[in-house]
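J.: Here are the chains, one letter per residue:
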Amino acid sequence: MAYRLPFGKLLHHLTRDLLILVYGTHFQALDTSTGAIIASTRTLYSDNTDAIPQIKYITPTTDGQEASIRAITFHNKIDGDGSLLASSGEDKLLKVWDIKEWRLLNTRPVPKRVVSIAFSEDGSQIVTADKFGDVYSYPINSTESIENTSKLLLGHVSMVTDMVLTPNNKFVITADRDEHIRVSQFPKGYNIKSYCFGHTQFLSKLHILPWDSDLLLSAGGDDFIALWDYVPGRLIQTLDIKNLIQNQVIEANESNIDTTDTVPESKNIAVMSISSSNVMQHIAIIIEKFPGVLILNWDAEQRHVKYMQTLSLNANPLDCAYDLRGNLWVSSSSKNGGNIDEGLITLFLRRDNNKYEKASTDHPVVYQINKFGTMKGK
Amino acid sequence: MSGKLPQKKFFRQRAHSNPFSDHHLDYPKSPTEMDWSTHYPAFVSEENSSELSLNAPIKQVDRPLMKKKVEFADLGCGYGGLLFSLSTLYPETLMLGMEIRVKVEEYVREKIIALRLQHPGQYQNISIIRMNVMKFLPNFFEKGQLSKMFFLFPDPHFKTRKHKARVITNQLLAEYAYVLRVGGIIYTISDVKDLHEWMVKHLDEHPLFERIPDEEVEKDPIIPFVRTDTEEGKKVERNKGEKFLACYRRIMNQ
Numbered sequence: 000m001a002y003r004l005p006f007g008k009l010l011h012h013l014t015r016d017l018l019i020l021v022y023g024t025h026f027q028a029l030d031t032s033t034g035a036i037i038a039s040t041r042t043l044y045s046d047n048t049d050a051i052p053q054i055k056y057i058t059p060t061t062d063g064q065e066a067s068i069r070a071i072t073f074h075n076k077i078d079g080d081g082s083l084l085a086s087s088g089e090d091k092l093l094k095v096w097d098i099k100e101w102r103l104l105n106t107r108p109v110p111k112r113v114v115s116i117a118f119s120e121d122g123s124q125i126v127t128a129d130k131f132g133d134v135y136s137y138p139i140n141s142t143e144s145i146e147n148t149s150k151l152l153l154g155h156v157s158m159v160t161d162m163v164l165t166p167n168n169k170f171v172i173t174a175d176r177d178e179h180i181r182v183s184q185f186p187k188g189y190n191i192k193s194y195c196f197g198h199t200q201f202l203s204k205l206h207i208l209p210w211d212s213d214l215l216l217s218a219g220g221d222d223f224i225a226l227w228d229y230v231p232g233r234l235i236q237t238l239d240i241k242n243l244i245q246n247q248v249i250e251a252n253e254s255n256i257d258t259t260d261t262v263p264e265s266k267n268i269a270v271m272s273i274s275s276s277n278v279m280q281h282i283a284i285i286i287e288k289f290p291g292v293l294i295l296n297w298d299a300e301q302r303h304v305k306y307m308q309t310l311s312l313n314a315n316p317l318d319c320a321y322d323l324r325g326n327l328w329v330s331s332s333s334k335n336g337g338n339i340d341e342g343l344i345t346l347f348l349r350r351d352n353n354k355y356e357k358a359s360t361d362h363p364v365v366y367q368i369n370k371f372g373t374m375k376g377k
Numbered sequence: 000m001s002g003k004l005p006q007k008k009f010f011r012q013r014a015h016s017n018p019f020s021d022h023h024l025d026y027p028k029s030p031t032e033m034d035w036s037t038h039y040p041a042f043v044s045e046e047n048s049s050e051l052s053l054n055a056p057i058k059q060v061d062r063p064l065m066k067k068k069v070e071f072a073d074l075g076c077g078y079g080g081l082l083f084s085l086s087t088l089y090p091e092t093l094m095l096g097m098e099i100r101v102k103v104e105e106y107v108r109e110k111i112i113a114l115r116l117q118h119p120g121q122y123q124n125i126s127i128i129r130m131n132v133m134k135f136l137p138n139f140f141e142k143g144q145l146s147k148m149f150f151l152f153p154d155p156h157f158k159t160r161k162h163k164a165r166v167i168t169n170q171l172l173a174e175y176a177y178v179l180r181v182g183g184i185i186y187t188i189s190d191v192k193d194l195h196e197w198m199v200k201h202l203d204e205h206p207l208f209e210r211i212p213d214e215e216v217e218k219d220p221i222i223p224f225v226r227t228d229t230e231e232g233k234k235v236e237r238n239k240g241e242k243f244l245a246c247y248r249r250i251m252n253q
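Chains as they are written, first to last, in numbering that gives the first Met the number 0: chain A, 0 to 377; chain B, 0 to 253.
None of these hints come from the bench; they were simulated from the model. Keep in mind that a hint or two might mislead.
Said to hold, decoys possible - Under 8 Å between C-beta atoms, here's a sample of chain A residues computed to sit facing chain B: (1) D133; (2) L153; (3) D177; (4) I191; (5) Y194; (6) F196; (7) G197; (8) T199.
All of these numbers come straight from a predicted model, not from anything done at the bench. Backbone N, C-alpha and C fix where the C-beta goes; we use that ideal spot for every residue, glycine too.
Build the full structure now, drawing on both the sequences and the hints.
T.: In structure tokens form, the structure reads like this:
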């Protein structure tokens, strides 16, 4: 039975009302203030004669990635309007896009599959972390061959699972499969500043708090997430999330909600995504096969994160992103390959008391993307 | 507990081991959580109190305090030849051998136990651990803890596609520079010229290491032991092979 491919990744711009939604080899761009689809690497989906709004197709469509996209990032300028997007996938091609004119700027091959990408603050360099464990930097404009321009900054022997550049670009932080979080100087990555020791399982996500950029949140296969003062490598706090979701799974079991595809008790958890909103200082966490989003808020006095609530969903989420107004966009997978009754994108609107309200699937701001987004899967 | 020395023939193991695989190793979460008292019982501090670990304010870790920290590390120590020689040369310095191969590590462990029994008061300053030095070195040693690191006759991993498994690489030199103090020394020796040139090239290129001139190296009292006291070293002698030595000092970041 045919179904629509879910959006595997969501990425929101730091200063513009722009959300990138990734599915397979494609991505689409949405204006999060109006809900208009503004660009796409593929023709929009349509199963009837509904009018498809005018959008800018990224042409030629042969510019797109040749295999599934695994990493995507904006050039986020803190004081300015970054207009670059970088993507890379299973095709081992690193592409840089202009998001004002929606066209491909350049493509270059990379030696291994890339896991994370970051732009330097001034936009002159792209930094990639790959599955082999190496972190390279490249100049944005590749006029010379790759051998001459790529610089190996550092490498782990274990597989690197995430990489972030600190906002001041003084450090590059890498996490690996063997529980390490390493803080190295940038760009002289051979100077290791510190390690953040404390995890006992693989890492999958690193997230620097936008409102306190000395602090790093880390998560992976552990029962807890950790908060670090990363320069000295000091652990500030751990927050148990396994118990949080376990209790909710038990409640769901008791009320006979279908939980065949959810986290079973006493199994290990895996965090898939961490997003944050500077507007309310909230953090949203997605855990694999948990049909909800954990929301944490920030206690500035104690410098701690605190569990606030869980937003529940009828399907398992894949990724989430906050927009500039503090609304949370969540993409869900279809359950058992059947019809999505929740819509591809679920929007949680931020309300005055910093609580969330789930919008209907044809709320104007999500109407187009739910109706015309992605494409038919098999 | 006979104190009889183990015989190498019962502890033979294939030379190569893949450092990228999972080897079911035991390692501490961080250097402050490593219990060294089981390795160097003679160096446990008299005053023993529970210590509030600075790196983990949430948990209080009860661990015997040590009088000293490990300073010499033999990375890929094999059958322990260097350790046994250096132990009596520097009796007050703690040295650790790290070896990834199960049988070989067992041999060294049994030999240390036997020697400690045979020579009371001696060999208390050396120990062995089964470990993958390419992955977990920072779990054991704090920043700048070590004063000497030994890479004696490392696995050459001859094929080009295996070069990434060599113990000296551009990436790993950053980790070695992290655990080695400024002024500390890396000793490398190999009978494989290609590997020697590879190690020299990578160390020469690395901003945190500078080569110690050969004349100066020869004055180091450890050098004769580096050349002749390991199993590999002795094998090279028997086969009349050449040994290529290169030593580097860890320098400050410019």
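J.: Next step is simple, just say for each hint if it's right about the structure.
T.: Status of each hint after checking the structure:
1. D133: With a minimum Cβ separation of about 7 Å from chain B (threshold 8 Å), the hint on A/D133 holds.
2. L153: holds (6 Å)
3. D177: For A/D177, the interface hint holds, since the closest Cβ of chain B sits about 6 Å away, which is under 8 Å.
4. I191: holds (4 Å)
5. Y194: Check passed: Cβ of A/Y194 comes within 5 Å of chain B, closer than 8 Å.
6. F196: Constraint on A/F196 satisfied, holds at 3 Å.
7. G197: Since chain B brings a Cβ to about 6 Å from A/G197, closer than 8 Å, the hint holds.
8. T199: holds (6 Å)
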